[in-house]
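Enquirer: Chains as they are written, first to last, in this note's numbering: chain A, 1 to 405; chain B, 1 to 405.
No lab work stands behind these hints: they were computed from the structure.
All clues stand as given, with none of them false.
Okay, derived cross-link-like pairs now, SDA-like style, lysine to any residue, Cα gap no bigger than 25 angstroms in a straight line:
hint, chain 1, residue 1, chain 2, residue 2
1, A, K338, A, Q293
2, A, K87, B, I341
3, A, K87, B, R375
From the structure, some residues in chain B lie toward chain A, with a derived Cβ separation under 7 angstroms:
hint, residue
4, G86
5, P306
6, L334
7, G352
Take a look, some chain B residues computed to stay more than 12 angstroms from chain A by CB distance:
hint, residue
8, R18
9, A95
10, E109
11, V136
12, D258
None of these values were measured; they are calculated from a predicted model.
The beta-carbon is built from N, C-alpha and C at its ideal position, and this holds for glycine as well.
There are 2 protein chains.
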Amino acid sequence: MPIGYTELPVLLPVGGVRLAAVAAGIRYPDRKDLVVIELAENSHCAAVFTRNAFCAAPVTVARQHLSLQSPRFMLINSGNANAGTGKRGLEDALASCRMLAQRTGCAPEQVLPFSTGVIGEPLPVERIDAALEGAVAQLSEHGWERAARAIMTTDTVAKGVSKTLELSGHPVVITGIAKGAGMIRPDMATMLAYITTDASVSVSALQGCLEGAVEGSFNRITVDGDTSTNDACVLVATGVSAAPLLDVGHADYQAFCDAIADVCRQLAQLIVRDAEGATKFVSICTEGGHDTQECLQVAYTVAQSPLVKTALYASDPNWGRILAAVGRAGLLDLDVDKVRIFLDEVCIVRDGGRAPEYREEDGQRVMDKDEIRIRIQLGRGGASETVWTSDLSEEYVRINAEYRS
Amino acid sequence: MPIGYTELPVLLPVGGVRLAAVAAGIRYPDRKDLVVIELAENSHCAAVFTRNAFCAAPVTVARQHLSLQSPRFMLINSGNANAGTGKRGLEDALASCRMLAQRTGCAPEQVLPFSTGVIGEPLPVERIDAALEGAVAQLSEHGWERAARAIMTTDTVAKGVSKTLELSGHPVVITGIAKGAGMIRPDMATMLAYITTDASVSVSALQGCLEGAVEGSFNRITVDGDTSTNDACVLVATGVSAAPLLDVGHADYQAFCDAIADVCRQLAQLIVRDAEGATKFVSICTEGGHDTQECLQVAYTVAQSPLVKTALYASDPNWGRILAAVGRAGLLDLDVDKVRIFLDEVCIVRDGGRAPEYREEDGQRVMDKDEIRIRIQLGRGGASETVWTSDLSEEYVRINAEYRS
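Excised from the complex, chain A in its bound form (with noise of 0.2 angstroms):
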């Protein structure tokens, strides 16, 4: 079970947004596994994508698509990445959006197609292409929850969040769902979710406020530090509500930016907690650092220390393994007598070594809890980060020498 989260929360339909997802049995039988995602006409679209190198078929499909034609729909499928699949992988991808478009009368480059699951095997297109009318037929405002299901791979839970903000008097809803939680490493957002509003924002508002939310949220978390190749994020605004246009001066596109900032920090939350064998949900913070790249470069160093992973499995409050990840981060000049680390409020090292007044019963306090707060403090500037990650455990290894991704 994820790491403090029970259960999806209701999400809230958006207007001009209908959702399906249907058994297309591209990976297993019976398991829906084929999500449709239609958006009003005149909807506006940011996104970010992977930047692996490797980056899958649907990636460079829907980069593409997004360039030329403004999209009328999100075609999903979980069970298989497309990736790896060279020139016929791009073949199925472009297939896959003129199915769909010719079921609904759009344009083929009003589909953007997203894949996530297996590497390497081709994608099943004949299936999709026999599920795509029963999606179809089943479009609703209320499909969330079905969706945010049928993207999961390795996730134990869906995820989803709703919330909701006054533009100018006028309410509006933001709802956006996740799937994710191993290959996770922030380059970008490092597995799939789709975020929409019924607010209007202009494009490059739009795209602008998916950029620092990104930054903030699914570029701060991290479970094994393998970054995917198809991760993908999608902010849809559809305009529908009566608020009115919100551009990048707009009063209230703060608001509106801090929100969408809020829903992509929960959803990244959400995939760290429900990280492939995950016991721990662990926020790592530097501060005091001149910049900062150097925060990340010391909170990821200590994030992705097998050391330090495992140690935080056992609840053990080893603060020899952070202290040397610490050491190891790269960092030109560091002066460890003047570092201070902290588990939650016990402050376990300072002066170059262990903290004279830590007593081993404090630390384990902290250790025996299953949300941790690492607090690296580097004594020399004014910039703080913080990342998020889990621990490293035996059913890690379990499920990805088990599982085939």
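With chain A's structure known, arrange chain B on it following the hints.
Expert: Same frame as chain A, now just chain B:
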């Protein structure tokens, strides 16, 4: 059991080197955990140390002592790393040097201290003091095997290599021992290693020889990406043999360097073969890169990917994970259509995806072996590099959740 390594070979005595190993009760009762290595007068000594900013107290002291005097003794304990111990740690390391100096009549600066084991516990210097008398009495040219065993921590086997060669017609011996099984990542020698020879080599030639050898051996291995606080690799030339003094310009210098490099490579590979929880010994070769740096970047990204490592553990020819790791290695302008990836001689990836001729049973045949070579051809230059690594098993997690390093 280590992969492809059944037992310690006979370790040849080296003229001018005597060793003793005794039980000082540093962490466990009745376990040999203290080693003294005596070096002939006028021995030359080269060394490289960890680059971890939180380096251990003995590393600081050994560096300083080396800069002052030619060493007569090395004092090594397992069970306690004397790292993260602040000012008191430095005093303890110095005290242990004084204790051995008093018993042997040398200056304290002629003792190099080394520690390995748990981080952050005070070094029990009184117990070391009490054990030193017995150690000095037992010094013997035949103490190599006992010393190799006494420096072990989570190692399952003692690690050592001997080699002989002729320099200007005179036989010389090289014998080296090492310890290390976890917290292993390339950034200088991520472990302890002691290599000695009775050859006569100038200090500068010896340091150059060691740095070259370490770069191609201990700096080419990774188990978990964690750089220890205590790493050290020492090369001593006692000059006791009849061979003439080697300097950088000498006709035999290259042959000597090759022999040292070979010993270092064997010791480094032994560390990977004995990696915590390892079931596979994996060579990762990047070919056709622009330069060394990018070849290593790709090789280490693959070598440290938890998803690749768990697939190796499962003997799963999951080439998609290898491809994804190559793709996220951060190489600018990588043309994925030019990349080829091989498991031993089986081509698994070309033309941007799975090789058309690849058959799963061919990949499976390679994966079923316990020594595997992953070869990545980047197709954009003439540089190549190899690193050695292990897989990631549940046993690695178990060991590191239970052991307090």
